[in-house]
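Chain residues, written in single-letter form:
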Amino acid sequence: MTAVVFEKATRRFPGQDRPAVDALDLHIDDGEFLVLVGPSGCGKSTTLRMLAGLEDVDDGRILIGDRDVTRRPPKERDIAMVFQNYALYPHMTVAENMGFALRIAGTRKAEIRRRVAEAAEILGLTDYLDRKPKALSGGQRQRVAMGRAIVRSPQVFLMDEPLSNLDAKLRVQTRTQIAALQRRLGTTTVYVTHDQVEAMTMGDRVAVLKDGVLQQVASPRELYDRPVNLFVAGFMGSPAMNLLDLPLVDGGVRFGSTVLPVPREVRDAAPGPTVVVGLRPENLAVGGEGMAVRVDVVEELGSDAFVYGRADGIDEPLVARDDGRRPPAKGARVRLRVLDADAVHHFDPVSGRRLGR
Amino acid sequence: MRTSTRASGASPLMYVTLTLVVLLSIAPLYFMLVMASRANSEILSVPPPLLPGDQLAGNIERVFANEDVQFGRALLNTLLVASVATVAVVLTSALAGFAFAKLRFRGRHGLLVFVVATMMVPVQLGLIPLYMLMTEVGLAGGLASVTLPFLVSGFGVFFMRQYASQAIPDELIEAARVDGASTVRIFWSVVLPALRPAAAVLGLLTFMERWNDFLWPYISLDFNHPTVQVALSRLSGGYYTDQALVMAGTLMGTLPLVVVFILFGRQIVGGIMEGGVKS
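These protein sequence lines are chains A and B, in that order. Residues 1 to 357 in the working numbering are what the first sequence spells out, letter by letter. Residues 1001 to 1279 in the working numbering are what the second sequence spells out, letter by letter.
Okay, chain A solo, but in the shape it has when bound (with noise of 0.2 Å):
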């Protein structure tokens, strides 16, 4: 059993304000995928390297297992790590790439032997075990970086975006075979991202981080359908949730020409006299009585097309997922309406916070 807790772990890097890391709580199941999702300094960086053992920890425990390992290096830690920028050795081969850590360890040659040619194999790489890195494509050196992490059969997998190097048609197909073999594997796995795509497809659960603070961990699903901050809300979801700050009326909430119902615990809660109401792109619909805006752009995808237009007195403009066949055209005038009331989300404008259920 190898679970991983961090217990208020917090960094601080001399010199800055606030902690890169502060308090993390979170608890990762044995086997599972957990992603860590967040802008650029955010802290998932950092959060993986505390893990691994190459960022010190000022305050707060690590756990892996049921060892305490907040103060130990990191080949203490039976950890395997792979690198955005793959850190492969150049000077050795891809066999002794994968089997350095092994001979560290003072393994067998014979068992290194058959370790490596056993990753080798499931990664597709048994016939590039004699060369050199510089003699590799990128997606093959991913995936040696990949596989000097499985022949060790660590307790943990960290992942510090394994994939941003990648052109995006390989990305795609690394990602499926990252999570297929970590189900295989069933090795407790620590994957960083700035990616959401990545975060909902590849994620058992994901962590959404914001300076350096634990936002929501939950399933892909659950972080979808109910964020707790407009922060997640903004973030989990592309095109991104649409999120107006509404004046609350009898019934509910102005929507254009139509009120949208607003439950009773949401308005009990409400701090002003307004609340910021999410709508998900594909909760709105073009024509029918709701919000009127001109559109601005139109991307179609082929199967469906996403409206952006801009209503009057709001400054964001709203996204509408349309059919791809007859979309509007830019500069029309449309109205948006809300298909499912039920899937309407709301916010706290001050606070930010998720109001209701």
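Any given hint could turn out to be false.
One-sided and incomplete, this derived list gives chain A residues near chain B with beta-carbon spacing under 10 Å [unchecked claim]:
#, residue
1, R152
2, R310
3, I314
In the DSSO-like style, the derived pairs of lysine-lysine whose C-alpha atoms are separated by at most 30 Å in a straight line are [unchecked claim]:
#, chain 1, residue 1, chain 2, residue 2
4, A, K134, A, K109
5, A, K109, A, K8
6, A, K169, A, K134
7, A, K75, A, K109
8, A, K75, B, K1102
9, B, K1102, A, K132
10, A, K109, A, K169
11, A, K210, A, K169
12, A, K134, B, K1102
Residues of chain B clear of chain A, computed beta-carbon distances all greater than 10 Å [claimed, not checked]:
#, residue
13, L1130
14, A1140
15, F1159
16, S1165
17, P1169
18, L1172
19, A1176
20, V1178
21, P1193
22, L1251
23, L1255
24, P1256
By construction, these hints were calculated from the structure, which means they are not laboratory data. For every residue, glycine included, the Cβ atom is placed at its ideal position computed from N, Cα and C.
Chain A is fixed; fit chain B onto it per the hints.
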């Protein structure tokens, strides 16, 4: 505007210039060979000879036969002194350079400034204190006195630090740490191989510097422990100088350097770090 200089190759003018530079560089070496292979009287004739003669073997024989000069011993002495210093300088500079470039420790900055400051003291200024020091510890006169002071080099440390900080990405060291390597192991298995091009350059420079060093060995060494440069100076002593003899000695004193240059030069391969990390 010409943007494809590299693709289109060098111009004829460039070739002419380069050829001239090559000829000018080779000329002194060539005339060294010419003079070393002639009798002294031929060298002094007008016009001077332009082609090598047939006295080379005889002249070299005379150089080695001269008991005041001890040329053979001087060659071996210098080889020993320069080799020890080269290995030591490369090793200590790589170690210290790695530490300064990649390890975090208290006083790192101050120590580096101190190391760089040692480069600012001229050799001549250190001669007298160094001589007194060597006499004090009883090493004056022997080969140790021209070896020990040069086992560590401020320039070497600085040079390796600069190379290590730009050529070795932090992730490479972190990857080795996560793989379970100790700092010493990281140095041997990851850092030193990556420093090889710089180590070759530094080794070459150090070997040449030690081989060609004259002033300090001349002052410090006694009659029975000459180095090559000291021995050469003895060749030209006396009332009259046998230029053929001096040039034959100089030729013998230069050849080992050329050999070393060829051996080390092969190690200076660019692009050894290529492919390790994607930047």
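A quick look at each hint next to the structure:
1. Below 10 Å, beta-carbon pairs count as interface contacts, and R152/A has one with chain B at about 8 Å; its hint therefore holds.
2. A distance limit of 10 Å between C-beta atoms decides the matter here; for R310/A the minimum to chain B is near 41 Å, and the interface restraint is violated.
3. A hinted interface residue such as I314/A counts as satisfied when its beta carbon comes closer than 10 Å to some beta carbon of chain B; here the least separation is about 43 Å, so the hint is violated.
4. Restraint check: the Cα-Cα separation between K134/A and K109/A comes to about 25 Å, which is no more than 30 Å; the hinted pair holds.
5. Between K109/A and K8/A the alpha-carbon distance is near 42 Å, which puts this suggested pair outside the 30 Å criterion.
6. Pair hint K169/A plus K134/A holds up; C-alpha atoms about 22 Å apart against a cutoff of 30 Å.
7. Among the hinted pairs, K75/A with K109/A is consistent with the structure: their alpha-carbon atoms are about 20 Å apart, no more than 30 Å.
8. Taking the CA atoms of K75/A and K1102/B, the gap is near 18 Å; set against the 30 Å cutoff, the hint holds.
9. With a C-alpha separation of about 24 Å, the suggested pairing of K1102/B with K132/A holds against the 30 Å cut-off.
10. Distance hint between K109/A and K169/A is unfulfilled; the C-alpha atoms sit about 38 Å from each other, more than 30 Å.
11. About 29 Å separates the Cα atoms of K210/A and K169/A, which keeps this hinted pair within 30 Å; it holds.
12. Taking the CA atoms of K134/A and K1102/B, the gap is near 24 Å; set against the 30 Å cutoff, the hint holds.
13. Its beta-carbon lying about 40 Å from the closest one in chain A, L1130/B satisfies the requirement of being farther than 10 Å from that chain.
14. Its beta-carbon lying about 44 Å from the closest one in chain A, A1140/B satisfies the requirement of being farther than 10 Å from that chain.
15. Look at F1159/B: its CB is around 20 Å from the nearest CB on chain A, clear of 10 Å, so calling it non-interface holds up.
16. Its beta-carbon lying about 16 Å from the closest one in chain A, S1165/B satisfies the requirement of being farther than 10 Å from that chain.
17. At roughly 7 Å from the closest C-beta of chain A, the C-beta of P1169/B falls inside 10 Å, breaking its exclusion from the interface.
18. With a minimum CB-CB distance of about 5 Å to chain A, L1172/B fails to clear the 10 Å threshold, and the non-interface call is violated.
19. At the 10 Å boundary, the C-beta of A1176/B falls inside the reach of chain A, the nearest C-beta of that chain being 8 Å off.
20. Look at V1178/B: its CB is around 5 Å from the nearest CB on chain A, not clear of 10 Å, so calling it non-interface is violated.
21. Chain A draws P1193/B into its interface by the beta-carbon criterion, the shortest separation being 4 Å against a cut-off of 10 Å.
22. No Cβ of chain A approaches the Cβ of L1251/B within 10 Å, the least distance being about 39 Å, so the stated non-interface status holds.
23. L1255/B, annotated as away from the interface, keeps every beta carbon of chain A farther than 10 Å; the closest lies near 33 Å.
24. Interface exclusion of P1256/B from chain A stands, the closest Cβ pair being 30 Å apart, more than 10 Å.
Going down the numbered hints, you'll see the structure goes against 2, 3, 5, 10, 17, 18, 19, 20 and 21, while the others check out.
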